[in-house]
Amino acid sequence: GIQVEQSPPDLILQEGANSTLRCNFSDSVNNLQWFHQNPWGQLINLFYIPSGTKQNGRLSATTVATERYSLLYISSSQTTDSGVYFCAVGPRGSTLGRLYFGRGTQLTVWP
Amino acid sequence: GAVVSQHPSWVICKSGTSVKIECRSLDFQATTMFWYRQFPKQSLMLMATSNEGSKATYEQGVEKDKFLINHASLTLSTLTVTSAHPEDSSFYICSASPGPGQGSQPQHFGDGTRLSIL
Numbered sequence: 001g002i003q004v005e006q007s008p009p010d011l012i013l014q015e016g017a018n019s020t021l022r023c024n025f026s027d028s029v030n031n032l033q034w035f036h037q038n039p040w041g042q043l044i045n046l047f048y049i050p051s052g053t054k055q056n057g058r059l060s061a062t063t064v065a066t067e068r069y070s071l072l073y074i075s076s077s078q079t080t081d082s083g084v085y086f087c088a089v090g091p092r093g094s095t096l097g098r099l100y101f102g103r104g105t106q107l108t109v110w111p
Numbered sequence: 112g113a114v115v116s117q118h119p120s121w122v123i124c125k126s127g128t129s130v131k132i133e134c135r136s137l138d139f140q141a142t143t144m145f146w147y148r149q150f151p152k153q154s155l156m157l158m159a160t161s162n163e164g165s166k167a168t169y170e171q172g173v174e175k176d177k178f179l180i181n182h183a184s185l186t187l188s189t190l191t192v193t194s195a196h197p198e199d200s201s202f203y204i205c206s207a208s209p210g211p212g213q214g215s216q217p218q219h220f221g222d223g224t225r226l227s228i229l
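Residue numbers (the numbering used here), protein chains in the order written: chain A, 1 to 111; chain B, 112 to 229.
Hints listed in this document are in silico derivations from the structure and should not be mistaken for laboratory results. Careful, some of the hints might be misleading.
Between beta-carbon pairs, the in silico distance windows are [claimed, not checked]:
(1) B:S194 <-> A:R22: 41 to 49 angstroms
(2) B:K175 <-> A:R22: 30 to 38 angstroms
(3) A:Y73 <-> B:C124: 38 to 46 angstroms
(4) A:E15 <-> B:K131: 39 to 47 angstroms
(5) A:N38 <-> B:E174: 27 to 35 angstroms
(6) B:V173 <-> A:N18: 34 to 42 angstroms
(7) B:H196 <-> A:T53: 44 to 52 angstroms
(8) A:G57 <-> B:S194: 44 to 52 angstroms
(9) B:S120 <-> A:Y73: 28 to 36 angstroms
Quick reminder that beta carbons are idealized off the backbone N, C-alpha and C, glycines included.
Using the sequences and the accompanying hints, generate a full structural model.
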């Protein structure tokens, strides 16, 4: 199956700092989603972004499909941003919608 | 729109018990749903693809007789962990998306079920 690599695995920030999370994938994709998993395990969908750039408040994401990577930007981080961020992709040609997840980035934001 | 509901959110039971987890699409129909499992500090791994009206497709290494999947309607898939043992303790989460063309649409996830087997 398609390989998904996320970096960095761990990130520790002070409140107010900016950060960039990266997701590399090994093949063409139909689907790419960024999730935030909160301490209760809920997967919060941040972006559906198989290509292009999107912004939602302090968060933005860019996917360069031709180069097989995506970036998630968090600006002015807050303690509530802490948690695990997952990138998940659906391979091109897949008609059903299964996702392959990266190992995630554990973000800790200190006050 | 596109809400997926999962129930129960937390189960604690004795070894040998069978546990049923429900995954419902509340405002759309889903011919396909997915079941993932997540162990502590690890990523999500697909267990099986649930197909409405037909047999589920299991990933390699997932025991079909241990994890029974039923997708009897376009809005409900169930995962039954049969004769659960402590090693089955994990976080189980389902996903679905409206059709057609699910491969090119975002997947919507339930809130997950934390299963603890004593």
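**Study point:** Hints violated by the structure (listed by number, smallest first)
**Key:** none
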